[in-house]
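Protein chains in written order, with the numbering used here: chain E, 22 to 279; chain Y, 29 to 409.
These are computed hints drawn from the structure, not numbers from a lab. Heads up, a few of these hints could be off.
Here are the simulated DSBU-like pairs of lysine-lysine, each with C-alpha atoms no more than 35 Å apart in a straight line [as the list claims (entries may be wrong)]:
1) E:Lys150 <-> E:Lys229
2) E:Lys198 <-> Y:Lys403
3) Y:Lys403 <-> E:Lys129
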Amino acid sequence: MADPLIRIEKLVKKFGPFTALNGVDLEVYPGEVHALLGDNGAGKSTLIKVLSGVHNPTGGQIYVEGKPVNFRSPRDAAQAGIGTVYQDLALNQLMSVTRNFFMGRELKGMFGNLRMDEMNKIAHDEMNKIGINFSDPTQAVGTMSGGQRQTLAIARAIYFGAKVLILDEPTSALGQKQQMGVLKTMMKVRKRGDIAIIFITHNEIHSKLVADRFTFLSLGEVIGKGTKKELEGDDIRRLMAGGAELGDLAAELATVTG
Amino acid sequence: MVRRPEIGAFIVMVIIIVALGIASEGKAFNALGLKNNIAIISQLGIIAVGAALLMIAGEFDLSIGPMIAFAGMCIAIMLKWGLWTPFGVYEVTPFIAFVVTLAMTLGFGWLIGTIVVRSGLSSFIVTLAFWFFLRGLTEVCFRLINQNTNVSGLPDFKKESWFAEQMGGEVFGWFYDAWYWIGTKVTAGVEFTGDMSREAKIELINYLGFFNINRKMEQWVTGFDARLLWFLVIAGVAWYVLSKTQLGNWIYATGDNKDAARANGVPVNRVKVGLFMFSAFCATIFATCQVLDTNSSDAAKGMFKELEAIAIAVVGGILMTGGFGSILGVIFGAITFGLVANAVFFIPWIDGAWFRVFVGTVLLAAVFANERIRKRITGGI
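Excised from the complex, chain E in its bound form (with noise of 0.2 Å):
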């Protein structure tokens, strides 16, 4: 088996006295959908965010290539290879595609100006890589649908160098068509094969399309780890729910229902 991209080991991320993350472990590989999934408040949150150079660990180590590195920032993170795309994507509606392609890492002639051709050109060809079929970067981003703006955004994050994708819920808000869209995308980045993506979710239907690999989260601990093969159906469904027995919630649901 290859080397991980990214080794975690033993993560603890304190805010005061509350800990959010204790003792992490996670190992994510090139070419692999990772999901990482748990109940709101597990720590998925926090666990992004370490990884992105927002904030800094209180303990732990995390390796990337087999080095130990230490965030100070998002740039930081960036640089490693570490590209985040959030719930809001960082896209300006009112841009056209292109501009929001390079947004903040223009290319630039020798006067200071766009080279817009070129730019376009890179823009229209990255999406079609691992997009929908698309086909002018002029048109401004708000008139793009929910999947086409998250497309730009893992193109975008690929094209400047990210090795791990952190996709925070990308299929949240979108509909159900969307959802399949964005799928088929993470799907396309994965069979590039030098790419690892962690991809955060609530589905449990959405991971198990996608996912080789699955980590559990519940109030700041794994409870759970394995690929694909080695857990069944019901347990991610277990897993999912905190780690609370199936049985013990059917048994209250049934006092509640009397």
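Starting from the known structure of chain E, fit chain Y onto it as the hints suggest.
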């Protein structure tokens, strides 16, 4: 409409040009009419470009008018009383007076911008505070130094100072020279005769006016006000920066969604502070042209100019919420406003206050049109 946000401003401008041409019997566009119209269009355009860039970045500047008065005061006082330094009082040239003034106004622009981005307060309230502060400061300085609220009767610096001539004098003389040259060819043989009636003479004077010829059969107008040059320079640079450069992309990104811009590495705060300084720069150019043209200054200069600049930007298709708009639209807006503001001089029977009625109506229509464009892009329609 979505790709070309300035189309609405363009249509309004064409309507106004045609209407004014007809109502003034063409006089608005004869040799002198064109010069006077271009003068006020350029004046309004200079500050509107500054206001527009700032609005695209999502902020307002209400201190433009007082900044004009303040800059005018500084230059006029320095030209009259000299520059105080710890080593004594020195006489200054118009250029030195301009540079010292610009240092102060850019300082104020920086201060306003820094307060806005550091405090996170609305630029509306911060620049309103500076509206009062600068208006008051200007009047106080006038009274303390000059014992009056104005400076008038300065010597005409345009003859001795190249800089003063470029700011307050005339430019593009070749345009009017060529106009006159063509006029002499077209009107060859036409002349005043002793037996002409008064009406016939007036008609002939009007006719000759279209060919840049005065009643003595000499060249009538010799050039545009120098403001035109600065309007073209400022608008040209702003257009290039906004549509063709990285900084332009940053300005749009800052005004659209500053959190998204910041997440992608755009230095949002630096963009905003820089644009507050650019707005102050435009106000300073406005004031310098005014002082060196009229050889005077007054504490009441620049009154309402901040509101007119914002109105022109909105009519030009700039969104109140930022992130969208073009310099071309602002130019169309400035032409429309300048022509309407001047219309009273060419149409004797019209009341000048109709200007404000017109502005109010067009402004409201423009806001609705802009909002519709925004909704179309962001999926509201």
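Results for each hint:
1. E:Lys150 <-> E:Lys229: 24 Å, holds
2. E:Lys198 <-> Y:Lys403: 24 Å, holds
3. Y:Lys403 <-> E:Lys129: The given pair, whose Cα atoms are some 31 Å apart, holds under the 35 Å limit.
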